[in-house]
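So the sequence shown is numbered by our numbering: it starts at 1 and just counts up by one.
If you are wondering where the hints come from, they were derived from the structure by calculation, not from laboratory data. Since the structure is predicted, the reported quantities are computational estimates derived from the model, not experimental observations. The beta carbon of each residue, even a glycine, is placed where N, CA and C say it ideally should be. Please note that the accuracy of each hint is not assured.
As the list claims (entries may be wrong) - Quick list of the computed label-pair ranges, beta carbon to beta carbon:
hint	residue 1	residue 2	range
1	Asn9	Ser178	37 to 43 Å
2	Gln40	His202	43 to 49 Å
3	Gly142	Arg109	29 to 35 Å
4	His29	Arg181	40 to 46 Å
5	Ala47	Lys179	49 to 55 Å
6	Glu66	Asn191	49 to 55 Å
7	Asn191	Ala162	38 to 44 Å
8	Asn9	Arg103	44 to 50 Å
9	Asp57	Val164	37 to 43 Å
10	Arg109	Ile11	42 to 48 Å
11	Asn191	Ala47	18 to 24 Å
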Amino acid sequence: MTSQAASSNDICSITGKTYPRRDFLLLDHLHPALAERIRQDHPALAADSRISRAAVDQYRLRYVEELLRQERGELTKLDSEVARSLAEGSMVSANVEESYDERRTLGERLSDGLASFGGSWPFLIFFAISLGVWIIINVARGQQAFDPYPYILLNLLLSCLAAVQAPIIMMSQRRQESKDRLRSLNDYRVNLKAELEIRHLHEKIDHLTTRQWERLAEIQELQIELLQERR
């Protein structure tokens, strides 16, 4: 069993470490630009050299970072995260709404609920009915009204309501701006990764097309040689 386990492993041509054979890739099967980047550091590698996925991921990360640095200059933390996710093959998109709502405190949830209710039709209808009932009661009681015309107590309550409602709405709007900022950053990460993926896909297709034309040319040369031999 020990010999079988040893035969199922192989040594990486770059790191010199032992990995299972299923974790290896041939240098010739990698992305052309990535393979060229590896050959810059290891020019002695052959086309059929076996490289571990861990080493490929590290070089893929360096390649993407160098590509972004050439186009954008100094890399930001967001650019580094996108490069790392592209090298590791992980996802960068996230549900901003769910993650942001989970971090809200009880006071923030209460203020968001009050701001949402304060800008709805039920609040306007309830507010209009309350004003109408207040005025009707005071008009009906005449001299015994607790708040006769010009309704000084009602004006005081409305002023207090406006003074309290305005900061609550502003707090809710500020959190909405933070949520929009997180959503914009998430969209930027997704768009940047998609742009890099599309660029790599185009380069890979061009590489495969070139290799296919080279093979067709070799086959055509063999066919011509066969025809000449038969003649």
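Hint-by-hint comparison with the structure:
1. One distance hint, 37 to 43 Å for the beta-carbon pair Asn9 and Ser178, is violated here, with the actual separation near 50 Å.
2. Separated by about 22 Å at the C-beta atoms, Gln40 and His202 break the suggested range of 43 to 49 Å.
3. Between Gly142 and Arg109 the CB atoms are about 45 Å apart, so this pair departs from the stated range of 29 to 35 Å.
4. Checked against the hint of 40 to 46 Å, the C-beta distance between His29 and Arg181 comes to roughly 41 Å, which is consistent with it.
5. Look at Ala47 against Lys179: about 51 Å separates their beta carbons, and that is inside 49 to 55 Å.
6. Checked against the given bound of 49 to 55 Å, the beta carbons of Glu66 and Asn191, roughly 20 Å apart, lie outside it.
7. At roughly 42 Å, the beta-carbon separation of Asn191 and Ala162 lies within the given 38 to 44 Å, and the hint holds.
8. For Asn9 paired with Arg103, a C-beta distance near 45 Å keeps the hint of 44 to 50 Å intact.
9. Our hint of 37 to 43 Å for Asp57 and Val164 is violated, since their Cβ atoms are close to 55 Å apart.
10. Evaluation of the 42 to 48 Å hint for Arg109 and Ile11 yields a failure: the beta carbon distance comes to about 57 Å.
11. The hint said 18 to 24 Å for the Cβ distance between Asn191 and Ala47, and at roughly 35 Å that hint is violated.
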